Amino acid sequence: MKMNDFRLDGKIALVTGASYGIGFAIASGLAEAGAKIVFNDINQDLVNKGIAAYKEAGIEAHGYVCDVTNEDQVNEMVATIEKEVGVIDILVNNAGIIKRIPMIEMTAAQFRQVIDIDLNGPFIMAKAVIPSMIKKGHGKIINICSMMSELGRETVSAYAAAKGGLKMLTRNICSEYGEFNIQCNGIGPGYIATPQTAPLREIQPDGSRHPFDQFIIAKTPAGRWLEAEELAGPAVFLASDASNAVNGHILYVDGGILAYIGKQPK
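Going by the numbering used here, the residue at position 163 of the sequence shown is 163; the numbering climbs one at a time, nothing skipped.
Keep in mind the hints are simulated off the structure, nothing from the lab.
Restricting the straight-line Cα-Cα distance to at most 30 Å, the calculated cross-link-like pairs of lysine-lysine (DSBU-like) are:
1) K167 to K219
2) K83 to K11
3) K127 to K83
4) K127 to K11
5) K167 to K99
6) K49 to K127
7) K99 to K127
8) K136 to K167
9) K11 to K167
10) K167 to K263
11) K135 to K83
12) K135 to K167
13) K11 to K135
14) K2 to K135
15) K136 to K11
16) K99 to K263
17) K167 to K127
18) K263 to K219
19) K11 to K55
20) K83 to K55
21) K49 to K99
22) K99 to K219
23) K49 to K83
24) K49 to K11
25) K83 to K136
26) K2 to K136
Please read all numbers here as calculations on a predicted model, not as lab measurements.
The task is simple: from the sequences and hints, build the whole structure.
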């Protein structure tokens, strides 16, 4: 193995839903490794914010408006990217949502929406890029899975079902297209410190941690929330030639949660 195997120079990486957050952090890491970044989001305002954020970070990125659940829009976007930028070498299926609703209170429509974005979306995206990857003779697909690909938890029945399905879609893409030098793997993030989770991490007026913060710290051997940037290294590895023999694998970047039963109550 050569250290250059981790470089992505000349590669085109499409990261879905990457205007901000985890997708932005992953795309930024891929760019630092040499990849040319393409991303999409659901509306023009988000795309514009994403382009501005990449520009501020010194990254030239191409942004497109596209709903990953709309097969016609996805096919049109991929064709446009191939024409304007080039054939996609790396696809990161990051776009997703979660609805925290007790199962018996969740409507079938709400359940379907989560499944549509978190599972059907990656299927549609992968289906759109695989033919050109086959023609080119290589390709990397990275699905952003979750610890809920392995675990259940109250109020996230749709999300857990979608992410469990995404784990198996990852393995099936590996099974069907590995012979074409296409590697499909997943990343399962742990609990990430983001602006959305900031209220859960604030010290309470009495000096104690928020109950959910206490729960996460107690369940994580690392003893902390993870940073979005810590997903970039695993993504670069799975996008690079260094992982050519890794296929159908879910890499959990969770600070050790899945390996740990948790601290004994005092």
